[in-house]
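**Q** The task is simple: from the sequences and hints, build the whole structure.
There are 2 protein chains.
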Amino acid sequence: MEIADWRKKIDELDEQITALLNQRAAAAVEIGKIKLQNTAPIYEPKREQQVYDHVRAANSGPLTATEVQDIFERIMDVMRNKQKDRQ
Amino acid sequence: MEIADWRKKIDELDEQITALLNQRAAAAVEIGKIKLQNTAPIYEPKREQQVYDHVRAANSGPLTATEVQDIFERIMDVMRNKQKDRQ
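So the protein lines, in turn, are chains A and Y. According to this note's numbering, the first sequence holds residues 112 to 198 in order. According to this note's numbering, the second sequence holds residues 112 to 198 in order.
If you are wondering where the hints come from, they were derived from the structure by calculation, not from laboratory data. Errors might be hidden in some of the hints.
For chains that are exact copies, the list does not tell them apart, and a pair is met inside one copy or across any two.
Using 27 Å as the maximum straight-line C-alpha spacing, the simulated DSS-like pairs for lysine-lysine come out as follows [to be verified]:
1) 146 - 193
2) 144 - 157
3) 120 - 195
4) 193 - 120
5) 157 - 193
6) 146 - 195
7) 193 - 144
8) 119 - 193
9) 157 - 195
10) 157 - 146
11) 146 - 120
12) 195 - 144
13) 119 - 146
14) 119 - 144
**A** Laid out in structure tokens, this is it:
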């Protein structure tokens, strides 16, 4: 396969990743609404650590566990801000 | 649905996202090998902009285009370093 073929594959993967990130955001917004009703804090470091532990365990490579966590740290930043925006 | 139910759904989504990120990384590593053969540069700002334009266009919300790009900027950082590591 040439670079153009790999990039076509990457573009398709990116569309799927984008769709899943949006499903994740929709779920995070629902959690934010429940937290607001319960006056629970948006930032829950224990839950965030669970998320990182979960994806590190689910990771089968070639990304390292650290690389997966790096990406999920940005995902969590975005999701946390999204929950705050809705409040 | 309660917070625990939403979190179960998020955990499932995170497993899928992790799997797709690894497929993306595998493709990026293959591109890195071809670039090495062709002595082409790893950092290609035009291609990176294409990736952002593509995911912004594919985005259907609730994430904003800026939020999707924020996440993909981290993904691209990780992928670029991964290509470099293999050279």
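**Q** All hints are to be evaluated individually against the structure, with a verdict given for each.
**A** Do the hints match the structure? See the list:
Taking CA atoms no more than 27 Å apart as the test, residue 146 paired with residue 193 passes inside one copy only; the shortest distance there is 13 Å, against 38 Å between copies. Taking identical chains as interchangeable, the C-alpha atoms of residue 144 and residue 157 lie at most 27 Å apart only when both belong to the same chain, with a minimum of 19 Å there against 40 Å between chains. Taking CA atoms no more than 27 Å apart as the test, residue 120 paired with residue 195 passes between copies only; the shortest distance there is 20 Å, against 35 Å inside one copy. Proximity of residue 193 to residue 120 under the C-alpha cut-off of 27 Å is restricted to the inter-copy arrangement: shortest distance 18 Å between copies versus 30 Å within a copy.
In the homo-oligomer, the alpha carbons of residue 157 and residue 193 lie at most 27 Å apart inside one protomer (19 Å), although the nearest pairing across protomers, at 29 Å, exceeds that limit. Taking the shortest Cα distances, residue 146 and residue 195 sit within 27 Å of each other inside one copy (10 Å), while across copies they are farther apart (42 Å). In this homomeric assembly, residue 193 and residue 144 come within 27 Å of each other (Cα to Cα) only inside a single copy, at 11 Å, whereas the closest approach across copies is 38 Å. In this assembly of identical chains, residue 119 and residue 193 lie within 27 Å of each other by CA distance solely across copies; the values are 19 Å between and 30 Å within a copy.
Taking CA atoms no more than 27 Å apart as the test, residue 157 paired with residue 195 passes inside one copy only; the shortest distance there is 18 Å, against 34 Å between copies. Taking identical chains as interchangeable, the C-alpha atoms of residue 157 and residue 146 lie at most 27 Å apart only when both belong to the same chain, with a minimum of 15 Å there against 42 Å between chains. Within a single copy, residue 146 and residue 120 get their C-alpha atoms only as close as 39 Å, which misses the 27 Å cut-off; across copies the closest is 17 Å, which meets it. Proximity of residue 195 and residue 144 under a CA criterion of 27 Å is satisfied intra-copy only: 10 Å inside one chain copy versus 42 Å between copies.
Proximity of residue 119 and residue 146 under a CA criterion of 27 Å is satisfied inter-copy only: 16 Å between copies versus 41 Å inside one chain copy. In the homo-oligomer, the alpha carbons of residue 119 and residue 144 lie at most 27 Å apart only across protomers (17 Å), although the nearest pairing inside one protomer, at 38 Å, exceeds that limit.
In this structure, every one of the numbered hints holds.
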